[in-house]
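Participant: The lines below spell out each chain.
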Amino acid sequence: MRYSAWQIFKNGLTGGSGWKPFWRTPEPKKKYDIVIIGGGGHGLATAYYLAKNHGINNVAVLEKGYLGGGNVGRNTTIVRANYLLDGNSQFFSHSLKLWEGMEKELNFNTMMSQRGILSLGHSDGQMDSLARRGNMMISQGDDAELLSKKELKDFVPYVNQEDPRFPIYGGLLHKRGGTARHDAVAWGYARAADHCGADIIQNCEVTGMIISNGTITGVNTNRGMIEAEKVGMAVAGRTSQVASMAGLKLPIESHVLQAFVSEGLKPCIDCEISWGAELFYISQSDKGGLVFGGDIDKYNTYAARGNLPAVEDVMEAAMALMPMIGKAKVLRSWGGIVDMTMDGSPIIDKTPITGLYLDGGWCYGGFKATPASGWCFAHLLATDIHHDVAEKFRLNRFEKGYLLDEEATGATPNLH
Amino acid sequence: MRIICPICGERDLREFHYEGSSKLIDRPDAEAGLAAFHDYLHIRDNPAGINEELWSHEYGCRGWLLVSRDTNTHEIMLIKLVRDVKFKRPVNEA
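Protein sequences, first through last, are from chains S and E. Each position in the first sequence, counted from 1, maps to that position plus 19 in this note's numbering. Each position in the second sequence, counted from 1, maps to that position plus 8 in this note's numbering.
It is worth saying that the hints were derived from the structure and are not from the lab.
Computed cross-link-like contacts, EDC-like style, restricted to lysine to aspartate or glutamate with a CA-CA straight-line distance of at most 20 Å: (1) 348(S) / 331(S); (2) 48(S) / 248(S); (3) 306(S) / 202(S); (4) 268(S) / 60(E); (5) 346(S) / 335(S); (6) 348(S) / 282(S); (7) 268(S) / 47(E); (8) 268(S) / 34(E); (9) 346(S) / 289(S); (10) 369(S) / 47(E); (11) 268(S) / 53(E); (12) 31(E) / 418(S); (13) 419(S) / 47(E); (14) 268(S) / 418(S).
So that you can see chain S by itself, here it is in the shape it has in the complex:
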């Protein structure tokens, strides 16, 4: 069914009896052209673009839990294209363009809100660096605007500009950035992929890979064996585990990133603000909760919960940035497991196993990449050729020295 104002009207009159589930619940078939491991945003988007862009719809998406129960449902929903490095910038630029057309494309309300992203600078050096980043964004074809201290005062009057330790000198505004409803993105892609013929199979955990003579021919799951011509992994957070079933070792460490939401408040923050002194970002959800987070916990972990020092850091940053936040109560906090790569940038590539493909290493920035990741991974799976905008996300770049190290911190996953 195509959603429209007419359908809402009609179903309003008929007690909602016309609404159908977003997707089917099929039994797994014996064999597919392509099996995608991981029913999160990236896997579902991949299945959709395989059908839409490449006409391949004999596809299964295997999800070990429930759809959208992983990182796509655990992030701070920020969408942006403010990357600096060649290789990252065109990819995230492509992604933002897909975000802008997503609701029409999927016929689904993903509540995309381009409310702007403001990055703050706390020194002359940092302002120079923001100006450089802005110029790079503009030259890439995206938008950026450098705001002075005075302009900032008008734009975000509640921000504490005179903090003695980290006074605010100005900021870089990326107006096309914003937020989207994360669950709706997963549901929208799932519904669209299902309509195109892809089988979305939940509660189906991959337990092994069937590989002979260096070629993958299928996967073993808790619901039986499934044969496939090609297998794609899109299991951010668990990439090392799934890849180890194929005997692969990757340049990835798993870390936990915590996020927080306050009680619902009246509208007060109308953009997304990134503090520049430490990693801290905050926006307000449509329900009114302030959604904020900071750095990862900095040690390897698969426990989807963090420790208190990271919580303390985030709260201190929040208080330094906007003291008014001290009056709000934190409603809840949660953690998500992220693949931290050795240079802080993702991987979309073939693996040494023929027929096995990898989409992972999204660090803590996977949500904004969802559409372009699906687009480019589908391109690679269908054609065996890297998409132009994901050309540099190679697995062998670490060995060859073509790192995409946005933070310039070297092979230290916990510092990216």
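Knowing the structure of chain S, use the given hints to seat chain E on it.
Facilitator: Chain E only, in chain S's frame:
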């Protein structure tokens, strides 16, 4: 998470710095070649279970610790001082 430093006793996580995998104490020989250094610098086992890792008691004795920790539960199994662990690489005679 609290860590029992062999020198200072049980201390809060805030005092410690996490360096990474314990394989970092076994730097390959300078002549070992690209593959060995790529493995050393970039490739990680990243287990969901017992991880052998390096911590430094940065705001304490500044000692380097070799820690066995369960990455699923954060339970710490074993802590030793790196200096007490025999390096696999023979000491350079020069």
